[in-house]
Amino acid sequence: MVRINFSRLGFEEFFNCPFDKLEEEISRFSIRIKLQNNLQTPEARESYRNELDRLTVLKYISQLRKGKLTKEDFSLKVALV
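For the sequence shown, position 42 matches number 1096 in my numbering, and the numbering has no gaps at all.
In short, the hints are calculated from the structure, not lab data. The structure displayed is predicted, hence computed values, not measured ones. Glycine included, every Cβ here is placed at the ideal spot set by N, Cα and C. There could be a bad hint or two in this list.
Derived DMTMM-like pairs (lysine to aspartate or glutamate); straight-line CA-CA distance at most 20 Å [stated by the list, open to error]: (1) K1131 to E1066; (2) K1125 to E1097; (3) K1075 to D1107; (4) K1075 to E1105; (5) K1113 to E1077; (6) K1122 to E1066; (7) K1088 to D1107; (8) K1088 to E1105; (9) K1120 to E1079; (10) K1120 to E1066; (11) K1113 to E1066; (12) K1131 to D1074; (13) K1088 to E1077; (14) K1131 to E1105; (15) K1088 to E1100; (16) K1125 to E1066; (17) K1122 to E1077; (18) K1088 to E1126; (19) K1113 to E1078; (20) K1088 to E1078; (21) K1113 to E1079; (22) K1113 to D1127; (23) K1075 to E1126; (24) K1125 to E1067; (25) K1113 to E1126; (26) K1125 to D1107; (27) K1122 to E1079; (28) K1131 to D1107; (29) K1122 to D1074; (30) K1120 to E1067; (31) K1113 to D1074; (32) K1113 to E1067.
Have a look at the derived ranges for each label pair, beta carbon to beta carbon [claimed, not checked]: (33) R1057 to S1101: 15 to 23 Å; (34) T1095 to D1074: 20 to 28 Å; (35) P1096 to K1125: 34 to 42 Å; (36) N1092 to E1126: 19 to 27 Å; (37) T1095 to T1124: 37 to 45 Å.
The whole structure should be built from the sequences, with the hints applied where relevant.
What follows is the structure, given as structure tokens:
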């Protein structure tokens, strides 16, 4: 399994922010990803993959905060850089 690289500062921001702000960010990214439909260029596909990775990490942070994911499991999925 490949770990997703994510900023340590970004992790701290979303781990410590009010929970509704984290959920709002997840919702915003989900909508933006659903609206993307023109992935014909390598740049567009790379941008889509980066946004999908960010959304995935935000969901992992949410699960971690809710106690549905342990810190050890989080560390297996995300590399804080």
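Against the structure, the hints come out as follows:
A threshold of 20 Å between alpha carbons decides the hint, and for K1131 with E1066 the separation of about 16 Å falls inside it, so the pair holds. The straight-line distance between the Cα atoms of K1125 and E1097 is roughly 33 Å, outside the 20 Å bound, and the hint therefore fails. With a CA separation close to 19 Å, the supplied pair K1075 and D1107 stays within the 20 Å bound. For the hint pairing K1075 with E1105, the CA-to-CA distance comes to about 18 Å; that is within 20 Å, so the pair holds.
The hinted pair formed by K1113 and E1077 meets the criterion: a straight-line CA distance of about 9 Å does not exceed 20 Å. Restraint check for K1122 and E1066: satisfied, since their Cα atoms lie roughly 18 Å apart, inside the 20 Å limit. About 14 Å separates the Cα atoms of K1088 and D1107, which keeps this hinted pair within 20 Å; it holds. Between the alpha carbons of K1088 and E1105 the distance comes to roughly 11 Å, so the proposed pair stays at or under 20 Å and holds.
Proximity of K1120 to E1079 is assessed by CA-CA distance (about 16 Å); at most 20 Å being required, the pair is judged to hold. For the hint pairing K1120 with E1066, the CA-to-CA distance comes to about 15 Å; that is within 20 Å, so the pair holds. Between the alpha carbons of K1113 and E1066 the distance comes to roughly 14 Å, so the proposed pair stays at or under 20 Å and holds. Taking the CA atoms of K1131 and D1074, the gap is near 23 Å; set against the 20 Å cutoff, the hint is violated.
At most 20 Å may separate the alpha-carbon atoms for a hinted pair to count; K1088 and E1077 meet this at roughly 17 Å. Our distance criterion of 20 Å between C-alpha atoms is met by K1131 and E1105, whose separation comes to about 16 Å. Between the alpha carbons of K1088 and E1100 the distance comes to roughly 15 Å, so the proposed pair stays at or under 20 Å and holds. Between K1125 and E1066, the direct Cα distance comes to roughly 13 Å. Compliance with the 20 Å bound is thereby established for this hinted pair.
A C-alpha spacing of about 15 Å is found between K1122 and E1077, which places the hinted pair at or below 20 Å, so the restraint holds. The straight-line distance between the Cα atoms of K1088 and E1126 is roughly 30 Å, outside the 20 Å bound, and the hint therefore fails. At most 20 Å may separate the alpha-carbon atoms for a hinted pair to count; K1113 and E1078 meet this at roughly 11 Å. Between K1088 and E1078 the alpha-carbon distance is near 15 Å, which keeps this suggested pair within the 20 Å criterion.
Taken as a hint, the K1113 and E1079 pair is honoured in the structure, with Cα atoms around 10 Å apart against an allowance of 20 Å. Of the supplied pair hints, the one linking K1113 and D1127 holds, its CA atoms being roughly 13 Å apart against a limit of 20 Å. Only pairs whose Cα atoms come within 20 Å are accepted, and K1075 paired with E1126 is rejected, the gap being roughly 24 Å. At roughly 16 Å between alpha-carbon atoms, K1125 and E1067 fall within 20 Å of each other, so this suggested pair holds.
For the suggested pair K1113 and E1126, the alpha carbons sit about 16 Å apart, so the restraint of at most 20 Å is met. For the given pair, K1125 sits about 18 Å from D1107 by alpha-carbon distance, which is consistent with the 20 Å threshold. Distance hint between K1122 and E1079 is fulfilled; the C-alpha atoms sit about 19 Å from each other, no more than 20 Å. Among the hinted pairs, K1131 with D1107 is consistent with the structure: their alpha-carbon atoms are about 11 Å apart, no more than 20 Å.
This hinted pair checks out: K1122 and D1074 have alpha carbons roughly 17 Å apart, not beyond 20 Å. Under the criterion of a C-alpha separation no larger than 20 Å, the hint pairing K1120 with E1067 is consistent with the structure, at around 16 Å. As the CA atoms of K1113 and D1074 are separated by approximately 13 Å, the hinted pair is consistent with the 20 Å bound. Distance restraint check for K1113 and E1067: the Cα-Cα separation of roughly 14 Å lies within the 20 Å cut-off, and the hinted pair is therefore satisfied.
At roughly 20 Å, the beta-carbon separation of R1057 and S1101 lies within the given 15 to 23 Å, and the hint holds. Take T1095 and D1074: their Cβ atoms lie about 36 Å apart, and the range 20 to 28 Å is violated. Distance hint check: the CB atoms of P1096 and K1125 are about 35 Å apart, consistent with the given range 34 to 42 Å. Checked against the hint of 19 to 27 Å, the pair N1092 and E1126 fails, with Cβ atoms roughly 39 Å apart.
Distance hint check: the CB atoms of T1095 and T1124 are about 39 Å apart, consistent with the given range 37 to 45 Å.
Hints 2, 12, 18, 23, 34 and 36 from the earlier list are contradicted by this structure; the remaining hints agree with it.
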